[in-house]
Structure formats: C-alpha cells, structure tokens
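**Student:** Spelled out from the first residue to the last, the chains are:
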Amino acid sequence: MKNEPVEAVPMRPKDYESGVHPVWCAGCGNYGVLSGLYRALAELNVDPTNLVNVSGIGCSSRLPYFLKAYKMHTLHGRAGPVATGVQLARPDLKVLVTGGDGDGFSIGGGHMPHLARTNVNLTYVLMDNHIYGLTKGQSSPTSRRIMKAYTTPYGGIEEPMRPLLYMLTYGATYVAQAYSGNAKMCAELIKGGLEHKGFAYIHILSPCITFNKIDTADYFKDIIKDIPEKHDVTDLHKAMHLIYKFKDKEPVGLLYKSHRPTLDTIMADLVTQAGGSKDYDIRKIIDQARP
Amino acid sequence: MANNNLIIRIAGDGGEGIISTGDFIAAACARSGLEVYTFKTFPAEVRGGYAMYQVRTGNAALHNPGNTFDIFCALNSEAFEINRDRLTPGTAVVYDDTFSPEIPEGVHAYPIPMTVTSKQLGLKKAKNMAALGALSHLFDIPAKALKKVLADTFASKGEDVVQANLAAFEKGAEQAEDLRKTDTWKLPKASKSKKAKDVIMLSGNQAIGLGALIAGLDFYSAYPITPASEIAKYLAVNLPKMGGTLIQAEDEIASISQVVGASFAGKKAMTATSGPGLSLMSEMLGFAFMSEAPVVVVNVQRGGPSTGLPTKHEQSDLFAAVYGSHGDAARIVLSVENVADCVSMTVDALNLAETYACPVILLSESSLAFSSQTIPTPDPDHIKVVERKRWDGEGEYHRYAMTEDFISPMADPGTPCALHIATGLEHNADGTPNYAAATHEAMTAKRFDKLKALPDAYMPVEIDAARGAEKDEKADVGIIAWGSSIGVVREAITALRADGIKVKGFYPKLIWPMQVAQFEAFAKTCRTVLVVEINHQGQLAHLIRAASTLNPVSHAVCGGLPFTPAQIGAKVRELL
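Protein sequence lines, in the order shown, are assigned to chains Z and C.
Numbers 499 to 789, taken from this note's numbering, label the letters of the first sequence in order.
Numbers 614 to 1189, taken from this note's numbering, label the letters of the second sequence in order.
Please keep in mind that the hints were generated in silico from the structure rather than gathered at the bench.
Being a predicted model, the structure only gives us computed values, none of them experimental.
Among these hints, one or two may not hold up.
[Said to hold, decoys possible] BS3-like mimics (lysine-lysine), calculated; alpha carbons at most 25 Å apart, straight line:
id, chain 1, residue 1, chain 2, residue 2
1, Z, Lys566, C, Lys1002
2, C, Lys770, Z, Lys782
3, Z, Lys782, C, Lys810
4, C, Lys1002, C, Lys1063
[What the hints assert, rightly or not] To give an idea of the interface, some chain Z residues facing chain C are shown, with a C-beta separation under 7 Å as derived from the structure:
id, residue
5, Val550
6, Lys569
7, Arg576
8, Val580
9, Thr582
10, Ala587
11, His609
12, His612
13, Leu663
14, Met738
15, Ser775
16, Lys776
17, Ile783
18, Arg788
[Said to hold, decoys possible] Simulated DEER-style distance windows between Cβ atoms:
id, chain 1, residue 1, chain 2, residue 2, range
19, C, Lys1065, Z, Thr732, 57 to 67 Å
20, Z, Lys634, C, Thr1177, 40 to 50 Å
21, Z, Gly607, C, Thr711, 48 to 58 Å
22, C, Asp1018, Z, Ala524, 36 to 46 Å
Yeah, the Cβ is synthetic: ideal placement off N, Cα and C, and Gly gets one too.
Whenever a hint applies, use it, and build me the whole structure from the sequences.
**Tutor:** In structure tokens:
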C-alpha cells in the first residue's frame, strides 16, 4: 500500500511479529531471545520500515523471517560484513545482526574482530547453544570439551573459546550477556544495544533442546550469575577481570560500555575532509587526468 | 618507422626512476598532441630489480604497445642484456657509459655519461634525467614539454629539486649533442588538426575508477591485490569527493559481502580484485544472483592458477567469471579491450547491474591495468546512467514478483509497505522459502530468462572488415579475439590485408550471455574461424563451442606475454 499517512502509534511487541510462525523446536531457547527482541524494539518504538535485520546460516539465523523489518538471510559467517555494507550505505537505518555461535565464531570468526575494532554502528545478538543445531548436532567453538557430538563420538578434543573476552579485546564498545530464559533481561540488554551508538554485542546463552544434551536450561540456570550492580561498566580491565573472577560462572548483565567514533561518522568526516559532496563537479576529477 | 609511430623503451633498476621517466615521456608526447600507448613492468620484488617502461606514440590510433622497440635506453648493464635480443639492425640504443656492452651489428649506439653527470651535479639519482635529456635531443622528444612536465612533477619537492633535475636533463642533452646521430628515428610531429585535441591520459585501472564515478558509484569495498589495488587507490582519493564511501575490508569475502549489503540498501556498489579474490567471492556472487542483487566485480586478470604469476599478462579467468558459482547461477560478463573501454564499460557494468539486478563481472588484464593511453575526454553530460527499477507503490509489494521482463521492482529499506527479505534460499515471489519443484523451476527460469534480452540489447559485436567491404563479405579466416588481444589482432589484420589475405576480425565485449546469433552470422561468412587467447584451455573457444554451432580453431597460448601481431599473422597463414 502506498505512502498513506501513518499515525504515530506506539508499537507493541506483537507488532514486530512477521506472521511467520518460527520453525524452532518447542522449548528452543531462541523463543526467549525473540520475545526479548520484540520487547526491546517496542520499548524503543523502532519503525520496522527503518530496521534491517541481517543473518547468516543456522537455526538462530532464521530469526529474520519472524521479524517485521527489511531482512537479509545471507551466507554462513557473512552477516557481519553484509550488515556493515548496509550500515555504511545507509547510516540512517537501524541495523541488527542475529546469528549463532558457529556462524559467528567459527566460519564468521575472521570478521568479528573488524566489526568490533572499526566500531560499526550495529547491534549483534548472538544466540549461543554450544552446538550446530541446523546440521544436527556437531560441536561448535563454544562447546565444552566433555561433550560427545556428531563428529566427536569419542568426546571433545578442543577447548572452547571465550566469546566475551574476544569481543572485549577486539574493541566492542557495548558487551553484554544474558540467558534466554530471562526474557526481561534479554529485552533490557538488547534495548541498550539498539540504543548504543557503536558496535553492540549481546551474547545470549540459549539452550538447544534437541541436540545438546548437556548444556540444558538447567545447566545454564545453574552457571549464570548476575553481574553486581556496583560493577563499573566503563572500565575495560574491570570487565575482563570480572570474567576471570567469576571463574566457572557466566556473568549476565551489562559488562562493558564505552564510546568512540563509529565507522560511519568517521566516513562522513572523511567526505568533509576531502571537500566532497553529492554535487561535486566530476569534471574536476576528469581534468586531473589531462596530460 | 612503422605506421608513423615510434616505440621507445627505457629500462633499468626499479630504484632508478624508470617509471617516472617513462611517465614524463608519455606526458610530453600527449601534451604535444600525439596518441600514446604505454606498457610497463615493475620489479618483481618490493626492493629493486629490473623495471621497464615502453612508450608507443604517433598520430594514428594505437591499439597495442607494439611488437618491440625502435629506440632503447638502458640505465644499467642488466637492462641491456635482458633486451639484447631485441636490438636488431636499425634500432638505436642510448646507454650509461659506465658499462661497455658489446653492441650488436647494425645497431646505432649512443653512450651517455649518465652516472658521471649525476655525480658531478651532486645528485644521488639523476641518471634518468640525463638519459631523458639525451633522448630528447637525439629523437626530437619536445624538450619544452618535457621540462614543463618535470617542473610540474617536482614542484612539490621544492625549487632546488626542480632546478637540479633540469640541470641533469640539460647536461644529458648537451652530451648527446656531442655524439653524431647515425639513425633516422625521431618523434613524429603531431598532425595540426589534432593539436587542440581534448584528451586525457590515464591507466586502465584509473580509467575503471573514473568510469565508476561517472556511473554514480556510491560504495566501494575492496582488499588489496596485484594488479587491482590501484583502482582502490584512485577511488580512495576521488570517491569521497563525490560523497561516496570507500573502505578496505579485511578480505575479499568481506568486500563482496559489504557490496551486497550496500546494494540491498539501495546504493550502487562495486569491488575490484584479481583471480584469487574472484575465487573467494564465488559463494557471495551466487547469493547475489539468487537474491537478485545488483553488484559489480571488476576482475583484473593475472597469471594463474592459484597465486600464479602476479605481475604477468594472462586471460585465464573466463571460466571462473562465467561459471564460478555452484548451482545454476549466472552472471553478466564483460571484457575490455583498452583504456577507453575501461571508462565506458565500467559505466556499462554498473548500468547493467542496475537493469538486470544480478552480478556483473568486468574483466580487465594486468597489462592494461598499468598501461596509460590517451583517450578522448569523457563528457559526463552525454553518458547514460541507469537506476534500478523501483516499486511504484501500487498494490502489494513482492520483492521477487514475476513481471513481463522477469525483472522485479526493487524497494530500498525505508520505503513504507515494502518490507521484504533478500534470501539465498529458494523462494516464492514474496521471499518466503519454498522448495517445491515447480517453484524452483519457475524461479530459476526467471533468474535466467531476465538475461535473455541482453545479447540483443547490448552494443553489437564489432566486425573488423576490410575498408569499403560489406560486413558479410567472405573471408578465408575470421579471427575472434577478446580483451587486449583484440588490439593485437587489429594490427595483425592490417598487415595480412596488405598482403592480400582475406581476413576479418570479430571482437566480442559482452562475453556472457553470449551474442550467439551474431557469432553464427559471422561464422557463416568465414571459411575458418580462429579464436586467439592467452590461456591454456582455450576458454573462449570452449564457451563458443558450448553455446553455438561454431567449431573454431583454437590458438590458446599461456606464457605470461601478450600476442604479437606477427604471431597472429603466422597462425592465420597456417590456416590458409
């Protein structure tokens, strides 16, 4: 329907449902994440027309189909750079990346550092179930070593990586972790990420009920521990130290938040510096090639 | 002097200013109203090693850098020895007198104290300036134009530097005066009618950048790779001036991914790479085809496969360009002949991407990347720039709606009521994943059928027929060439015709989808069709056999060097 004048109606979480019923198994942690996402968007009254949700491949990468927005369901591991292209081309849009642990840190691992260090202004919600669900149960870079899985029938052979430490080291300016069973906290942290100007990373522990028999809802509920209120989120060392102090417990809440120029603002400054504009006379550039 | 043009080659160690000296000669010739076509090779290693710059210049249009030189300038003995075989009777050589090479018979030799001059003037590296002065005096390269180019170039380094280099130049000219000239080579005078010609001179890579700007490029993301990096260098300076965005991504996969994202966001986006990078991009190009995204990839071909020969000439990425993705995926493939094409066909590439909402690959070559040529100054007001078909807002919006021309209207994010998903999964008209056989057949057909209009819509293939002859005049041999090989074939054909041989040329620039009807029509007028290309597998010949009824003779040579007109001529004579 054409550009009919739209009354400014406050959005409710349901208004972000696309109408497509999620394909996830009943009991999948991702339902909690989705619910938190709908709430966060509603609280910020984000206009779906100006929202772009990019995903890669995996169960959690199916999320865009369930969201009312402009969406891209792209390739395994490549959501980050695709979203970067969207954001740089249209800094006026709100850009959201959703995906899983394999998509983000295995095949996508090479892109993560650059999203964070260049401070692309987008929100990355990563659903970590410590497994590859869509392809039926292979271990992922965050799987615990003790897990027996599809290609590790004799038991795990690798130590898991530490996503939060990675993202802090890579230079992300907003780092948070939640458990999918706490939709309220998910909503709060995702909202903070969406509001944050810069690269916001929200890591959500989200159990796979079908293929991961050890990292269950009970397991996660047992190991998560709230980040204390007095934690100084502006201090990078304190954030890293907290993770070490928590030992085997997973901190949930906001870990770190800081500000530095985003990639698109630096690009805009560059244009100014070059004396550029949309109306620049291209003949001046052509003339430079006169012998 | 063949065809009223002169070929000068200067060579020496990379650190001795070979490239800048060649640039000065090229610029002076162009400023004097002559056509210029250059060819250069860089040292293989980052520090030092043999470098060469060849300038071909004259009044008539030039199509290739030339067989071999008329005049050679050697700044060191290594350069002399590397080029010894080309010093045939009648050629002239100017060389630094610190070494005394054995001069081949019939070669006119001019020793110049380049090193001595440089030292006397207290300069560390002015050998090339002395050489330039000598060349200028001996062969009528306009001294005034040269000195102006020198002064302009060194101005930023301070007046002292300018004067010192001019002094070395003058000394070189003086020393040449003392030598007796024993040959007739000299620079042709620009024909008067061309004196006020409006030309620019730039390299193939720069020209691609310029073409992109003319076509309204908004977003460029690339990863450095020989020999494509200079496209990024040119755009890094100039794209921000036009208000656009350029970023160096972490790898080629990130580059093409960012380009796809920017395209989805409604912007004209492009990347450039070479063979190894193109390989990395295959998956994302398949996504661009499946999700019907306008994207452009410039591929500057180099010696392959794998890391191959990074600085050498080859035309071996055709299969990768045409077929490089899994599944039934396609792309539009264009191939440039020269610097003029680098400008106009980059515009075509961006326009075609917008029109057909699919990936477009523009093939160039390493020798062209660094070749500077004079071309008529482009007039941006008279160059057509195309925007993608956008939704008019009527009715319900479906991103992959079936239409008469199979091209679905697009909608930029931010457009009300046009929310949709771009997906790599097989899908319905509205983007919902759908794996039913009928859906897959229909959507695959749509993605391929939308390209069917292109072979007739694009400019017709050029037929190189004898002057005054009909296009369908019969020939004994019809030569099909692509890329820079076209320029060599043009010259070969001229020579063959002069010997009374009935030969025609056929120069496709839209390689895929192939303009099959035109290939068939051309073949009907030739007794034998010969396809010439620099790659081992005869890649274009293979595509022609697959797509048409032609059964051409394939002359496919890989070796890192372009064809010479003589080689083409010899092959044609074999087929008579």
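**Student:** Taking the hints in turn, state whether each one holds.
**Tutor:** Status of the hints after comparison with the structure:
1. Z/Lys566 / C/Lys1002: It holds: about 24 Å lies between the C-alpha atoms, which stays within 25 Å.
2. C/Lys770 / Z/Lys782: Within the cut-off at roughly 24 Å; holds.
3. Z/Lys782 / C/Lys810: Given that 25 Å is the threshold and the Cα spacing comes to 18 Å, the pair holds.
4. C/Lys1002 / C/Lys1063: Holds, at about 13 Å.
5. Val550: 5 Å, holds
6. Lys569: Hint on Z/Lys569: holds, closest Cβ of chain C at ~4 Å, below 7 Å.
7. Arg576: Holds, about 5 Å.
8. Val580: This hint holds: Z/Val580 lies near chain C, its Cβ roughly 4 Å from the closest one there, short of 7 Å.
9. Thr582: 5 Å, holds
10. Ala587: 4 Å, holds
11. His609: This hint holds: Z/His609 lies near chain C, its Cβ roughly 6 Å from the closest one there, short of 7 Å.
12. His612: 5 Å, holds
13. Leu663: 20 Å, violated
14. Met738: Where the cut-off is 7 Å and the nearest Cβ of chain C is about 24 Å from Z/Met738, the hint is violated.
15. Ser775: Since chain C brings a Cβ to about 5 Å from Z/Ser775, closer than 7 Å, the hint holds.
16. Lys776: At about 4 Å, which falls below the 7 Å cut-off, the nearest Cβ of chain C leaves the hint on Z/Lys776 intact, so it holds.
17. Ile783: 5 Å, holds
18. Arg788: 6 Å, holds
19. C/Lys1065 / Z/Thr732: 57 to 67 Å: 60 Å, holds
20. Z/Lys634 / C/Thr1177: 40 to 50 Å: 59 Å, violated
21. Z/Gly607 / C/Thr711: 48 to 58 Å: 56 Å, holds
22. C/Asp1018 / Z/Ala524: 36 to 46 Å: Given range 36 to 46 Å: holds, Cβ gap about 45 Å.
Checked against the numbered hints listed earlier, the structure breaks hints 13, 14, 20; every other hint is satisfied.
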